[in-house]
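Using the sequences and the accompanying hints, generate a full structural model.
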Amino acid sequence: MPALARPELVALRTIVRKEIRRFLRIWVQTLLPPAITMTLYLVIFGRLIGSRIGEMGGHDYIDYIAPGVIMMAVITNSYSNVVSSFYGARFQRYVEEMLVSPTPIGVVLLGYVAGGVTRGLLVGLLVTLVAMVFADLRVESPLYTVAVVVLTSTLFSTAGFINALFARTFDDVSIVPTFVLTPLTYLGGVFFSVELLAEPWQSLARANPVLYMVNGFRHGMLGVSDIGPGVALALTGGAAVALLVLALLLLHRGVGIRS
Amino acid sequence: MSSIEPLHRSPPQSSRPPPALAVEGLCKTYASGLEALAGVSLEVEEGEFFALLGPNGAGKSTLIGIVCGLVEKSAGAIRVFGVDAAASPRAVRAMLGVVPQEVNFNVWESPLDIVVNQAGYYGIERPTALARAERYLGQLGLWDRRHSRARDLSGGMKRRLMIARALVHEPRLLILDEPTAGVDIELRRSTWRFLTEINASGTTIILTTHYLEEAESLCESIAIIDHGRIVEDSDMKSLLNKLHVETFVLDLATPLGSPPDISGYAVRRIDATTLEVDVERDQGVNRLFESLGRLGVSVLSMRNKTNRLEELFVRLVGEGRAQQGGRDAGPR
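Protein sequence lines correspond, in order, to chains A and B.
Last residue of the first sequence: 259 in our numbering, with the numbers rising by one and none dropped.
Last residue of the second sequence: 332 in our numbering, with the numbers rising by one and none dropped.
Certain hints may be false.
[As the list claims (entries may be wrong)] Covered by chain A, according to a simulated footprint, are these stretches of chain B (three or more residues, beta-carbon under 8 Å):
#1 67 to 75
#2 87 to 100
#3 117 to 124
[To be verified] Residues on chain A that point at chain B, a partial pick, calculated with CB under 8 Å:
#4 R6
#5 E8
#6 V10
#7 T14
#8 Q92
#9 R93
#10 E96
#11 E97
#12 M98
#13 L99
#14 R138
#15 S141
#16 P142
#17 G254
#18 R258
Everything labelled a hint here was simulated from the structure, so no lab data went into it.
Where is the CB? At the ideal position from N, CA and C, for every residue including glycine.
Here it is as structure tokens:
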């Protein structure tokens, strides 16, 4: 994308600011639930059941699942923020405020994705603070950890945007998170190491893209992973770029925004 | 179809500025097969207050949607102040302000946020945006409600909020799609005054409306669209001159048992103190009043039975539909 000129930066700042204010205004719906849900995961799976499981990957079970639980919160919140916000803008037609303006459509995409990433990271930070109460958290590779979480959040924010472009009803907004995102996340190695799975399930699990992100994040924090860290980072980054390009192409074709 | 002039072209040789809006051969067929526009061409001069009229479903909103970039055209060309909308859509959008027919803002946001954010989409820095929001929300009587949730505003306030939002980037061409629909008469007249001032300050205005009185009192030029075609495009005076017969209602001082017989005029008795008279344009009303005076009929007041533009509108649209019906009924 070419460098943004001053008016485009003002437009981008406006969209990001609006998006952040939106999820902060309804923090009881956007920030509190993931913090409570993830606390329950850590207490029930990590503390109560985890104490009977013992170690996994050379770490206490609760320490092992904490990065996955944080990543799960980042993924679901990045996605749901953008899909609900942009579909809401389409449904109430205030997306037209941007479409009739000179704001380039790529800036609109960037603004919504940045809003989703901000919520994803903020929720990730909240869950990390909660997890620190229960688990012995540390960060082995800070830069790598930040890169994986930002790229993952970008990837799922963009996926949420594409979902919002195609959605015709509020049902369409919840179908993908319920029937695709949740199973992929739960089967993506949040609570277990894929090494525990027998074939062909292990190979099948390796086809799940969420596995690479969860393990990349776990590598950054704990230094252990079922997946090579380079592969995890490249796949996450590549998928994020591919989805951004796809979203841009759809927007330029007017999908979901022009009749 | 003539070719489109290149963008960023040198100033035209003639002193006549390019029209604020030039639409040429505009067609739109939706994916459903519905043909909303069938070759619309019209020009709106800079500084005009222009009325675009038409019955429901005539193609007005589609035309506006294409001009402001919300609807993809099937064919044709649009230039705004000489700039080709297909080649430079962003430059065109920067010159346009749009007030849609339906509410299209986030009802959970405040009027101040809605207007300031809109300025942001046009690249206007926040301090300038805040100053302009204060000016336009103030002029439209919404400044006191700037922190309310937009959903709590009345219908008339919501419409004025959309006008303030459309003006915040100070567009050269303002397009209003039914801006006073459902608004009470007092508010409607204050909106008219405001729009007249905006127009007087140099902003070209295109207005669609169902209130023909609104079009007649505000607009100098008019186009009537029906079935996706322009059926009339002229200045208001010439259009009203096409009205050959006007019907007047006379309120009488004393009751009459039967309608008076006045040669050359069709006079009908509506009730004991009300008459209706058809007057052809070249007849005038002097002879009518002389005859009534001779017959001892005293007239208290006189008014048009319907708005003159309304009579013309109904006639033109009716003629257009008759022709359409004739074409449709022809050999296949």
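Hints, verified against the model:
no., hint, verdict
1, 67 to 75, "holds (count 5)"
2, 87 to 100, "holds (count 7)"
3, 117 to 124, "holds (count 7)"
4, R6, "7 Å, holds"
5, E8, "7 Å, holds"
6, V10, "5 Å, holds"
7, T14, "3 Å, holds"
8, Q92, "6 Å, holds"
9, R93, "4 Å, holds"
10, E96, "5 Å, holds"
11, E97, "6 Å, holds"
12, M98, "5 Å, holds"
13, L99, "6 Å, holds"
14, R138, "41 Å, violated"
15, S141, "38 Å, violated"
16, P142, "34 Å, violated"
17, G254, "6 Å, holds"
18, R258, "5 Å, holds"
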